[in-house]
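Residue numbers (UniProt numbering), protein chains in the order written: chain A, 1 to 267; chain B, 1 to 267.
These are calculated hints, taken from the structure and not from any lab test.
Being a predicted model, the structure only gives us computed values, none of them experimental.
A couple of the hints might just be wrong.
[Claimed, not checked] Derived lysine to any residue pairs resembling SDA-like cross-links, with alpha carbons at most 25 Å apart:
(1) A/Lys61 <-> A/Glu221
(2) A/Lys61 <-> B/Gln78
(3) A/Lys61 <-> B/Arg34
(4) A/Lys61 <-> A/Arg160
Protein chains: 2
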Amino acid sequence: MTNLASQRLPSAPSELRRLIRRGCWAGPTAGLARGYVQANLVILPADWAYDFLLFCVRNPKPCPLLEVTELGSPIPAQTAPGADLRTDLPRYRVYQDGQLIDEPTEITGWWRDDLVAFLLGCSFTFEDALAEAGIPLRHWECGCNVPMYRTALACVPAGRLHGPLVVSMRPIPARQVARAIEISARYPLAHGAPVWIGDPAGLGIADLDRPDWGDPVPINEGELPVFWACGVTPQAVALAARPPLMITHAPGHMFVTDWPVSRVERE
Amino acid sequence: MTNLASQRLPSAPSELRRLIRRGCWAGPTAGLARGYVQANLVILPADWAYDFLLFCVRNPKPCPLLEVTELGSPIPAQTAPGADLRTDLPRYRVYQDGQLIDEPTEITGWWRDDLVAFLLGCSFTFEDALAEAGIPLRHWECGCNVPMYRTALACVPAGRLHGPLVVSMRPIPARQVARAIEISARYPLAHGAPVWIGDPAGLGIADLDRPDWGDPVPINEGELPVFWACGVTPQAVALAARPPLMITHAPGHMFVTDWPVSRVERE
Chain A
1 MTNLASQRLP SAPSELRRLI RRGCWAGPTA GLARGYVQAN LVILPADWAY DFLLFCVRNP
61 KPCPLLEVTE LGSPIPAQTA PGADLRTDLP RYRVYQDGQL IDEPTEITGW WRDDLVAFLL
121 GCSFTFEDAL AEAGIPLRHW ECGCNVPMYR TALACVPAGR LHGPLVVSMR PIPARQVARA
181 IEISARYPLA HGAPVWIGDP AGLGIADLDR PDWGDPVPIN EGELPVFWAC GVTPQAVALA
241 ARPPLMITHA PGHMFVTDWP VSRVERE
Chain B
1 MTNLASQRLP SAPSELRRLI RRGCWAGPTA GLARGYVQAN LVILPADWAY DFLLFCVRNP
61 KPCPLLEVTE LGSPIPAQTA PGADLRTDLP RYRVYQDGQL IDEPTEITGW WRDDLVAFLL
121 GCSFTFEDAL AEAGIPLRHW ECGCNVPMYR TALACVPAGR LHGPLVVSMR PIPARQVARA
181 IEISARYPLA HGAPVWIGDP AGLGIADLDR PDWGDPVPIN EGELPVFWAC GVTPQAVALA
241 ARPPLMITHA PGHMFVTDWP VSRVERE
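Extracted from the complex, chain A is given alone in its bound form (with noise of 0.2 Å):
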């Protein structure tokens, strides 16, 4: 992927995110400090966490996580112990009961003792590990999003959080879908190996070109759709619940961690 930003932009974590914060960059992380470990953010308050830990524990390859900061703290001790997760994302959005009201650039003025922040594994960093391996990713030879769909299968639920598994398609050539399985099946912690190849109507998808998220890619000839669980899942069934309030990062603006992809890849 051939991305503007990422020859202009620091390519150390700590650095891009000083101009994150400082309102220099407020545009997507995808291609940007390549090799550390990018993540969603979900941030409800403690009332909710317990539901919210809860479901990503039973439901990990949907919600990998991969940290979760202690009651009222923005900074992320663990992943990147610098940052501050009020302010180091390029953009956000903001929930009450379930509605989007704002997608601010920074949530200070946001943020409360009560809230906890979930930081969840991103494909970015098996999508990168795929592209290494010489394996074509079609989203981003058609510079769009990838596309995303609602399955008929259920999440293990939680409390009040229930609903279906989303899932993201990337077209593979025949000839390499054993490939990418091998390679996607070391990171565990951005969603692991597929959870289904090819026909979509086992997944009850009824059309491949009307995704529920994202962009339509064409599938060309002897290439099978291979399904991931999508960090979506957990955005979307946290949503259905309408909890009073709920911040997010805004798609594709990921936090970038700390954490070398190397870290997180499987012994």
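With chain A held as given, fit chain B onto it using these hints.
Chain B only, in chain A's frame:
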């Protein structure tokens, strides 16, 4: 390991649990229902469940989560949907404010609607695998408990819960240490690979002959002490925080799940 009981008691988990429920077996479960995953049990009030769950997530080696029941439910829906955690373990320990007050064979009278049960993976799973690979287990040979030690390594704290890592020690012949590591690494839900090999001083252990729990075992010429994260860790940490009520299995008297060991073997 020869175990008289294993010759007389049923080998199917559900049948063994039925006998235990009827009060016909109140002994340890080592060697029973071979080939099935056994689990540590920790029951806490809802007010403590978030801290404990987060502690487990942050310290997966000593606290490998197999299952967390829904609030108020004693049914392990995932690992043994036909079981009841109030009656299906041979013996329990009941603690109030951190003090042991009872060791009953069932806890129906203690159960409350605000309790949550945690099932954590247990070393029996990888010990069976080590034994099958021809690796000697000294505490089996001696017919005693595995020696366990408090270390100078701090666990990652979570809320009110903090404390040292507890490890178990098994002396392994030098030429088999690598194999023992490979085999146990395949079972991340049973503490996984060792945390330390060799000199106990590096863990802050002063004297291997004086374990903090269990029994001392001799280390023969040509053997190295090998240390694994131990499931006593979460119990010790939780008790130190003195929750008003906490119920666990009695040492060695584990919960026998329906899961074959292959289910928790790493892909």
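Can you list which hints this structure breaks, lowest number first? 1, 3
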